[in-house]
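K.L.:
Here are the chains, one letter per residue:
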Amino acid sequence: MAAPVEKYLKPEVIRQVARLDLRAKFIVEGFIAGLHASPFQGFSVEFSEHRKYSPGDNISDIDWNVFAKTDRFYIKKFQAETNLTGYLVMDLSGSMGYTYRQELTKFEYGISLAAALAYLMIHQQDPVGLMAFDQKVSQSLAPKSKRTQLASILSVLAKLQPHGPTEIAKSLHQVASMLRHKSLVMIFSDLLADSEPIIKALHRLRHAGHDVILFHILDEAEAKFPFDGMVELEDNETHETLLVDADGVKADYLEEVAAFREGYRHDCFRARIDYVPLDTGMPFDKALMSYLLNRQTRA
Amino acid sequence: MSSLFINAGLVAGVALAVIPVILHLFMKQTPKRVVFPALRLIQRRQETTRKKLRVKNWLLLLARMALLALMALALARPRFDAKIQAGDADVESAVALVFDTSLSMAYEHQDKTRLAEAKTLAEKLLERTRNGSQVFVIDSARAVEPVAMSPASARKAIQGLEIEPANQTLNQGLGLAYGAVLGAEKPLREVFVFTDLTQSAWGLAQQVANLDRVEKDKQGVGTYVMNLAVPLAERNDVAIVRVEPPGGIVGQDEPVPIRTFVRSIGKPAKRTVEFYLDDQKRDQKVIDIPANTEVEVPPFLPRFNAGLHRVTIRLEGEPDPLPENDSYYATFEVRPAVKVLVLSDQALDAEYVANAIDPEALRERADQPRPYQVDQKRLDQVDLASLRTSLNNYVSVFLLNAKSPSADLWQILDDYVKSGRGLVIGVGDRVAFDFSAYNDSPSARQLLPATLKAVTIHQDYSFGKADLGSTLFSGGGDARALITELSQVPVYKTLEVEPIADARVLLSYQDDRPALLERVVTGPRGTGRVLLWTTALTRVPNQAANWNEFPIANWSFFQMMNQTVPYLAGETTRKLSVEAGETVSLPVDTEQRFTDFNAQPPGRVPPIRLTEPAPGRPLSISTRLLNLNPENLFGQWNVLANRAGAEPVRLGFSVNPPAAESNLAALEPTDLDKLLGKDQYKVASSPEELVRKRTEGTVGRELFPWVMLLILLLITAESALANTFYRDQPSSPAPATRLAGVRS
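Quick mapping for you: the protein sequence lines, in order, are chains A and B.
Each residue of the first sequence is one higher than the one before, starting from 779 at the first, in the working numbering.
Each residue of the second sequence is one higher than the one before, starting from 16 at the first, in the working numbering.
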């Protein structure tokens, strides 16, 4: 049985939590509980300086090597690596607002994940910023590591609404041009557009020295195609329709989805971009783990 | 059409098959609309999907149309192979009942003969036959045109049927039955054959009359064969299958070993075989008979005095289901030694034939029986006038290697043969150079079966095929062994001949040239036979000049000569023991003044007065026409030819059941197919099966279960196809699509 906090890793549970800040907190705490070790030590901070021991300090922090040389108690002081600036890049396309089974939409899944990552990064004292785009970058929030930054990010995320068509590649180019320092760019999108220009835009981000994590979010229905019988499918961005025999087309479609994801996975691998294929039925820990692994590599 | 469906009106329901088309055209179902952003991924495969969809749509439409059409058909209850209109199951009909009344139908099983079983079944059948129907009852023993009867009269006629000792084939009865029902103006026509299906009851080489009319007839005739045979596992019967010799003429004091062959069908049996001579028990043997095996009983060796003798052989032991074949009756007529004359130019030419027929060793011993006494005469010493008068003492004459028989001699021999006697002509060196005495004499031409042409010399040459249909071969011992022996006789010279039109070749050489020819010559006092050998029946001292090694090669010469004399005397063709149905011919001297001829059957029935024979003809008695039941027919018959002022002449013969009736082997289905046509008849082995097959044959076989099975399969197929297209969405979770900020 999952621990009480670990249940918040499940989308169907987290959707019942209305406040985004709580969602972020619960997701992170659930994730941490599942790890059985703190993610905040060992790989996210480094030694900074010594100071004299004073009563109340943790005895385990005493540097015994210094005591051997000086016969005095000194405490090791650690400092977070503050060079890692994170950007949460949200896709506001209309397709992101889609859900089939009335769970989380792709966008809701994305902002839950983004909020959790923001929470995690702020806790690590990493500056984190936010960008949202549709046909261009429409919202942005400069990265900061203050605790208040979390509230700001969550506030913006909560207000974002997916709508209309999008220009993912163009927007990513814009993001690349907006970033001045090497950062960790975390993109949340369903990538339902031509893949070639998107890959080019991702390459540009990499060439600029940014680390990129691409969270490719599909709806569970898009990933598994649970339809049967005759269905008329409608693209909610272009409003094109297509009459299909769901049973007949299912195998072909799943092959196409697999090829679609495999294409991105392959290109991202070559560009050393972390590609995280997700669907709205998947727990959040996979995405969080991907971030942490990336963070560890940089540390 | 109406006869194909029980509810013909409902066939119109097939038109409902258009409903799916109408629904398809006018009420096309709107598929569920679903928002699906990843549409672009599907569009890449759109064309393949569309084609598949179209095919499935057509299949679904066809399945639904077929489903409705089949439902309508099922309600109309289609039938197959129906003979009558729907709803006419109880119609007036023409029914022919053919009964096999042959002896094998007397087989008793569960205290009931096969014929009694047939009667019971037929009565049940008649109970189901509507009044007003025409019934024809045909007895296989009496193949006569049947008369139409009411079912009630037919029941009485059936009760009167009995086992008949002599039977016609069922083919004939069936032919008459077809003719009768085809002539009846009834909506339903059926022929039922009640038989145990034994091979002997059917004529396999015989066509069934009127079968072609049945095949051409639109309405058709239902043919049902009721198989009344006892199941093979329960069948058992011990029978005397044959006796050798079967009876006939034997020489006085001649030893006649009587060999009896017994067979047991079904299971091993133990029987006592009793031998009676002139109603006195003379011998008995106890034998064990293995199952389905024929065994020979140690021979019975009676000693016959002159006159008529009756031999009866009986099987005693356990009760038998077919008692008729447990007895055999034989009549032997012991005649005094007959005389044979051998004429030749040289004494040596007569020696071999004379010694073969009347061995020298027997001639010198008075205590040994001599069936034939041979007189040899040289032609140059014969007084033709005395020969003419003395010839009547001889039953046959051999004319051997005679160089130039005179026209007078030919004339005497011609008269002799025309009095019903036999002449054998053998050639040799003396004949070889001049055939004029044989070819030119008018009297000779009256007798000879061929014109003599030339002498031919051969190497590695011998006798070949023989005409086994002639009693010259079949009337004696083992004909096949004799022919084998003949085929090993070296022949060096033969006479080329040109047979006359009515000559019969009894024996050929290996290249099919004639070796022995026969001509039958009929005169006012009888019918005689002339045999012509185209090789010599003698030998000469000079080995190189011999025509063959026939007289000395093996025992074939001895046997041929000894079979020739009784053959020419008519003894081999005179059957004194006949099977029921055969005709007995008893020679009588018609020059005597007989007042009447009376035959006394074996049973307690009054004597039967016989028709007086024509002059020169034997007394002929057809056992078929005697119209007696088996008890009064099988056995020893006495015939008295009464004369005015003189003792009556006592004659006799024996009648046995047909040997074929003891063979209970069943007819093969393929044989029945050949006789009645494949699928043109139905065989039933029980009353229930007969009823079922008759119902199938008249009302037809209902196809309802098959149609229903098809419907079920179609429903399954339709369901599978339909679910593929229009399956309802799962009720939970809710099917609606929520789009955050986007029109749904």
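Any given hint could be a false lead.
Said to hold, decoys possible - As a list, the in silico DSSO-like pairs of lysine-lysine whose alpha-carbon atoms are at most 27 Å apart: (1) K1028(A) to K418(B); (2) K139(B) to K127(B); (3) K1002(A) to K66(B); (4) K171(B) to K708(B); (5) K847(A) to K830(A); (6) K354(B) to K392(B); (7) K1002(A) to K127(B); (8) K231(B) to K590(B); (9) K134(B) to K480(B); (10) K233(B) to K285(B); (11) K201(B) to K139(B); (12) K697(B) to K1028(A); (13) K803(A) to K830(A); (14) K693(B) to K231(B); (15) K978(A) to K1064(A); (16) K300(B) to K1028(A); (17) K418(B) to K433(B); (18) K924(A) to K937(A); (19) K1064(A) to K803(A); (20) K296(B) to K285(B); (21) K67(B) to K1002(A); (22) K171(B) to K127(B); (23) K285(B) to K1028(A); (24) K71(B) to K1002(A).
Said to hold, decoys possible - Restraint ranges, calculated between C-beta atoms of paired labels, are given here: (25) A920(A) to K66(B): 42 to 50 Å; (26) A920(A) to R69(B): 55 to 63 Å; (27) L1032(A) to K66(B): 13 to 21 Å; (28) A1049(A) to R69(B): 42 to 50 Å; (29) L1032(A) to T710(B): 54 to 62 Å; (30) A936(A) to R69(B): 47 to 55 Å; (31) K66(B) to R1048(A): 51 to 59 Å; (32) K978(A) to R69(B): 37 to 45 Å; (33) R69(B) to R982(A): 41 to 49 Å; (34) L1032(A) to K693(B): 52 to 60 Å; (35) K66(B) to S916(A): 57 to 65 Å; (36) L1032(A) to R69(B): 35 to 43 Å; (37) S916(A) to R69(B): 42 to 50 Å.
The set of hints was computed from the structure by calculation and includes no laboratory data.
C-beta: ideal position from N, C-alpha, C; glycine also.
K.L.:
Return the numbers of the hints above that this structure violates; sort them in rising order.
P.N.:
1, 7, 8, 9, 10, 12, 13, 16, 23, 25, 31, 35 and 36
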